[in-house]
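Participant: Numbered according to this note's numbering, the sequence shown terminates at residue 605, and the numbering increases by one at each position without gaps.
Source of the hints: derived by calculation from the structure; they are not laboratory data. Everything hinted at is true.
Pair by pair, the computed Cβ-Cβ distance ranges are:
#1 380 - 586: 18 to 24 Å
#2 255 - 590: 24 to 30 Å
#3 590 - 394: 35 to 41 Å
For every residue, glycine included, the Cβ atom is placed at its ideal position computed from N, Cα and C.
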Amino acid sequence: MAIRVTCPNCRAKLQVRDEHAGKRGKCPKCGNALDVPNKLPVAEPSAFDTDLVPSTPRKSVPIPPPIPASHTQVDAPAFPADSSPEPARVDSASVVDVDIDVPARRRSATRRNATQPPWAWLAAGTAALIFATAGLIYALRPASSPRAASGEVAAARSAPQDGEPTAFNRAPFNPHPRADAADKPKPVAGAPLEDVVEYVKHGIVKIETSDSLNNRRGLGSGFVIDRSGLVATNYHVVSDASKADVVFNDGTRFGVEGYLAIDRHSDLAIIKLNGAPADVQALELNFGDGPRDAAQVYAIGHPQDNEFTTTGGIVGRVLHTTQLPADTRQWLTSTLEGSDDDLWIQHDAKIAPGNSGGPLINARGEVVGVNSWVNQKLGLGYAIHARHLHELERHQETAVVPLKLRRRSVPEPSQPQFAALLTASDRLKKLRAELASKNWRPQQDDDYVALDELARTITAIKYVQSNPGAQLPMPLDEQQAVIRECDQAVAELRSVPWRDGDQMRPINAHAGKDRAPYGGAFVFGRVKKVFSGDDAESALWIELVGSSEQYFLPLDEPITGLSAGDCVLVLGIAHPKTVAVGDNPLKPTKVPVLLSKVVLPLGKS
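Input sequences plus hints: build the corresponding full structure.
Facilitator: Now the structure itself:
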């Protein structure tokens, strides 16, 4: 039972519990004094069983606002723990006090909440959960533009202000990150640089590569772009590799399974690791039009094998390949297969061999570019812009391609080299007869020319013999005649008692003069190193007898019975390419390639 009361001043209709009958209080709306009459029978009390409640319908509880983008906690309460949302209704704490002539303030927020029915709290809780979730989704949404939505590269403003959203890949490509690798909190805007670098270093790797001959090929840098084990680097860091390992900042080492994407023009590659540390951190890309000239940037990598080293500088300018000096453009085109559309960030943060593939970051720890090369005369580094990497991420393969299937291989002689073999049988007979008549001791320039021609012809025949797809358009019996003559010439060369003083040194001295690409090379060398690979591949590194000239010989079959210091007679074809050999990948020896199918051991002579 309850007593109905109407305020004589504001005409508000109220309900009062029957125990207050005959007492005096104040209207909670206008504060005017009112008298509670004796008990009168009324309907059952409403759900709002407060001391004094307006009978007008109650408005709903206001919905909490979306969580702002800077909010990092997803489990924060919608309201502070020590306060409650104020409903849009008359404060139910203003009640009639039956003992004194003032409104009572005894009911706390906790007691008021306890009096609410279960269905009301269920509805309010559901609404709060829905809108808190919506706020969280809104806060974590990536910056986008109509161009980005249509698949084009997003173009952010060149100079975002503090707190202004920038274009970077907040969402990793792997939507299900490792369960044991919780994200570290990203340093807030204005955090000390050392905190930013410490955060970023958990995503930096050192890359060590080797070729199929187990020859250590290179050392470079890279950075994680997805916690599942995706790493970005320069293509030239891994282009000659058959296998590679990466080392993280904590010393853990993982193998490289292969490529997921390659862009030779921008010198970029995305590789997949066979694992990653639990605390691995994926770095964010800022692929807008910036950074601005004179913006502060930092390079992190392994210059000259100084691991995980940070250097700082400023941006000189952001420019396209066409804006570079002519000689630099020519070098880019020939060395890195560069494109005129490539966008470069010129900066003066100190970088050196070993930095290639490492990130160039801004003060917020976002990757703005990938360090690719350096002008050592001017001390200026160049990083390929992050927008190229962002574009490459969108074109990843679905399956991993092993490194050795995409390595740069040494080309074989071109098809025109085989054209001269149509008359090779007769020419070989004549050359062999002339040189044998002089006991294989050249006496004039024509004799040296004959040796080189013999070497080129025999090598070309052997390549045809080992490559059925390169067979000549000549009858089978003529091909067999050429091969027999070639084998007889090699057998005779094997039987010659070659001597150092009057044969090897004079022949080598001539061999170093005016050798044209794809010309023959009849040389004597001492083995510097024998390379043996995992796939039955092998190679020799030789130095010519009596000379400092060196050659690298890729071979099809494993080398047996040879070791460092042995002397060999090599018949080959000079190739214009060079390879890097040596134990220090940061200071390799560039050695020209000699294509050969005939290597005759001569012992320690």
